[in-house]
Amino acid sequence: GQNIDQPTEMTATEGAIVQINCTYQTSGFNGLFWYQQHAGEAPTFLSYNVLDGLEEKGRFSSFLSRSKGYSYLLLKELQMKDSASYLCAVKGATNKLIFGTGTLLAVQP
Amino acid sequence: KAGVTQTPRYLIKTRGQQVTLSCSPISGHRSVSWYQQTPGQGLQFLFEYFSETQRNKGNFPGRFSGRQFSNSRSEMNVSTLELGDSALYLCASSSDWGPSYEQYFGPGTRLTVT
Chain U
11 GQNIDQPTEM
21 TATEGAIVQI
31 NCTYQTSGFN
41 GLFWYQQHAG
51 EAPTFLSYNV
61 LDGLEEKGRF
71 SSFLSRSKGY
81 SYLLLKELQM
91 KDSASYLCAV
101 KGATNKLIFG
111 TGTLLAVQP
Chain Y
3 KAGVTQTPRY
13 LIKTRGQQVT
23 LSCSPISGHR
33 SVSWYQQTPG
43 QGLQFLFEYF
53 SETQRNKGNF
63 PGRFSGRQFS
73 NSRSEMNVST
83 LELGDSALYL
93 CASSSDWGPS
103 YEQYFGPGTR
113 LTVT
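If you read the sequences in order, they're chains U and Y. If you want my numbering, it's the position in the first sequence, counting the first as 1, plus 10. If you want my numbering, it's the position in the second sequence, counting the first as 1, plus 2.
It is possible that some hints are incorrect.
Stated by the list, open to error - Once the Cα atoms are required to be at most 25 Å apart in a straight line, the calculated SDA-like pairs of lysine to any residue come out as:
#1 Y:K59 - U:A52
#2 Y:K59 - U:A26
#3 U:K78 - U:T33
#4 U:K91 - U:T36
#5 Y:K15 - Y:F66
#6 U:K91 - U:A116
#7 U:K67 - U:D92
#8 U:K67 - Y:G60
#9 Y:K59 - U:D92
#10 Y:K59 - U:S37
#11 Y:K59 - U:G41
#12 Y:K59 - U:D15
#13 U:K91 - U:N13
#14 U:K78 - U:N13
#15 U:K86 - U:G63
#16 Y:K15 - U:G41
#17 U:K91 - U:K78
#18 Y:K15 - U:K86
#19 U:K78 - Y:E104
#20 Y:K59 - U:T33
#21 U:K67 - U:N31
#22 U:K78 - U:N31
#23 U:K67 - U:G110
#24 U:K67 - Y:K59
#25 Y:K59 - U:T104
#26 Y:K59 - U:A103
#27 Y:K59 - U:Q35
#28 Y:K59 - U:G102
#29 Y:K59 - U:T36
#30 U:K78 - U:D15
#31 Y:K15 - U:A52
#32 U:K91 - Y:G44
#33 Y:K59 - U:A22
#34 U:K91 - Y:P41
#35 U:K78 - Y:Q46
#36 U:K67 - U:S37
#37 U:K91 - Y:K15
Think of the hints as simulated: they come from the structure by calculation, not from any bench. This structure is a prediction, so every number in the text was calculated from the model and none was measured.
Hey, can you work out the whole structure from these sequences and the hints?
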């Protein structure tokens, strides 16, 4: 079967660093995506990993270990506007994009 | 460049009715995917179309169907609506079909079935 696990909720403080983990078991692997979704809005693309290692993009970084079926999204210098749901999604062998249920991040002052 | 548009934004239907939702992708994008989002299940893949052909299909009953037109616009139809079909339906487009192409999401259609 296909399964993507993320923590349901996390809380962090403004200015801090937070790591959101994602583990997956899928039929085949063609890449892992992270999306951000603010309440009532559409998901927006954050990052794409297909090879092992760290991809850095400004305050956001994403890491992938294919052998462990594991990824994390690292958010640095947290801002209040980072309060949102973060969705981990994997493209399997057939190129279907399978989403986890998302991690709701609350940034507190 | 205009983003992905979806119409209508909100819809209220009664059990047993049918509904058609529309999605206009970003200009030049040929791939359109549809997702159902509910609080308990998260985002679930419905189907993907590329150049008017269905490339992928999720695990939804046959009541859910879709199509894509030559201008890449897409519609999805749900027949014999059930209460459990109440959800946010999201459409996403990408420039091509393949693993690395990121998807751009529209604002969604909020469907309520009473």
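Consistency of the hints with the structure:
At roughly 21 Å between alpha-carbon atoms, Y:K59 and U:A52 fall within 25 Å of each other, so this suggested pair holds. For the suggested pair Y:K59 and U:A26, the alpha carbons sit about 41 Å apart, so the restraint of at most 25 Å is broken. Proposed proximity of U:K78 and U:T33 is supported: the alpha carbons are some 8 Å apart, at most 25 Å. Between U:K91 and U:T36 the CA atoms are separated by roughly 32 Å; this puts the pair beyond 25 Å, and the hint is violated.
For the given pair, Y:K15 sits about 15 Å from Y:F66 by alpha-carbon distance, which is consistent with the 25 Å threshold. Annotation: proposed proximity of U:K91 to U:A116 holds, straight-line Cα distance about 10 Å (limit 25 Å). For the hint linking U:K67 to U:D92, the alpha-carbon distance of about 15 Å falls within 25 Å, and the restraint holds. Straight-line distance between C-alpha atoms of U:K67 and Y:G60 comes to about 32 Å, which puts the hinted pair past the 25 Å bound.
Restraint check: the Cα-Cα separation between Y:K59 and U:D92 comes to about 33 Å, which exceeds 25 Å; the hinted pair is violated. Simply put, Y:K59 and U:S37 have alpha-carbon atoms about 15 Å apart, close enough for the 25 Å limit, and the pair holds. Between the alpha carbons of Y:K59 and U:G41 the distance comes to roughly 19 Å, so the proposed pair stays at or under 25 Å and holds. Using a Cα cut-off of 25 Å, the hinted pair Y:K59 and U:D15 holds, with the two alpha carbons roughly 22 Å apart.
Our distance criterion of 25 Å between C-alpha atoms is broken by U:K91 and U:N13, whose separation comes to about 29 Å. Taking the CA atoms of U:K78 and U:N13, the gap is near 14 Å; set against the 25 Å cutoff, the hint holds. With a C-alpha separation of about 18 Å, the suggested pairing of U:K86 with U:G63 holds against the 25 Å cut-off. For the given pair, Y:K15 sits about 37 Å from U:G41 by alpha-carbon distance, which is inconsistent with the 25 Å threshold.
As the CA atoms of U:K91 and U:K78 are separated by approximately 31 Å, the hinted pair breaks the 25 Å bound. Pair hint Y:K15 plus U:K86 does not hold up; C-alpha atoms about 44 Å apart against a cutoff of 25 Å. For the suggested pair U:K78 and Y:E104, the alpha carbons sit about 24 Å apart, so the restraint of at most 25 Å is met. At most 25 Å may separate the alpha-carbon atoms for a hinted pair to count; Y:K59 and U:T33 meet this at roughly 24 Å.
Annotation: proposed proximity of U:K67 to U:N31 holds, straight-line Cα distance about 17 Å (limit 25 Å). Between the alpha carbons of U:K78 and U:N31 the distance comes to roughly 12 Å, so the proposed pair stays at or under 25 Å and holds. Taking the CA atoms of U:K67 and U:G110, the gap is about 22 Å. The hint holds against a cut of 25 Å. As the CA atoms of U:K67 and Y:K59 are separated by approximately 32 Å, the hinted pair breaks the 25 Å bound.
At roughly 10 Å between alpha-carbon atoms, Y:K59 and U:T104 fall within 25 Å of each other, so this suggested pair holds. The straight-line distance between the Cα atoms of Y:K59 and U:A103 is roughly 13 Å, inside the 25 Å bound, and the hint therefore holds. Proposed proximity of Y:K59 and U:Q35 is supported: the alpha carbons are some 19 Å apart, at most 25 Å. The hinted pair formed by Y:K59 and U:G102 meets the criterion: a straight-line CA distance of about 13 Å does not exceed 25 Å.
Between the alpha carbons of Y:K59 and U:T36 the distance comes to roughly 16 Å, so the proposed pair stays at or under 25 Å and holds. For the suggested pair U:K78 and U:D15, the alpha carbons sit about 13 Å apart, so the restraint of at most 25 Å is met. Of the pairs offered as hints, the one joining Y:K15 and U:A52 holds, with about 22 Å between alpha carbons and a cut-off of 25 Å not exceeded. Distance hint between U:K91 and Y:G44 is fulfilled; the C-alpha atoms sit about 22 Å from each other, no more than 25 Å.
A C-alpha spacing of about 38 Å is found between Y:K59 and U:A22, which places the hinted pair above 25 Å, so the restraint is violated. Of the supplied pair hints, the one linking U:K91 and Y:P41 holds, its CA atoms being roughly 22 Å apart against a limit of 25 Å. Note on U:K78 and Y:Q46: the hinted pairing holds, with a Cα-Cα distance of about 24 Å set against a maximum of 25 Å. The straight-line distance between the Cα atoms of U:K67 and U:S37 is roughly 28 Å, outside the 25 Å bound, and the hint therefore fails.
With a C-alpha separation of about 35 Å, the suggested pair U:K91 and Y:K15 falls outside the 25 Å cut-off, and the hint is violated.
Hint check: violations occur at hints 2, 4, 8, 9, 13, 16, 17, 18, 24, 33, 36 and 37; the rest are consistent with the structure.
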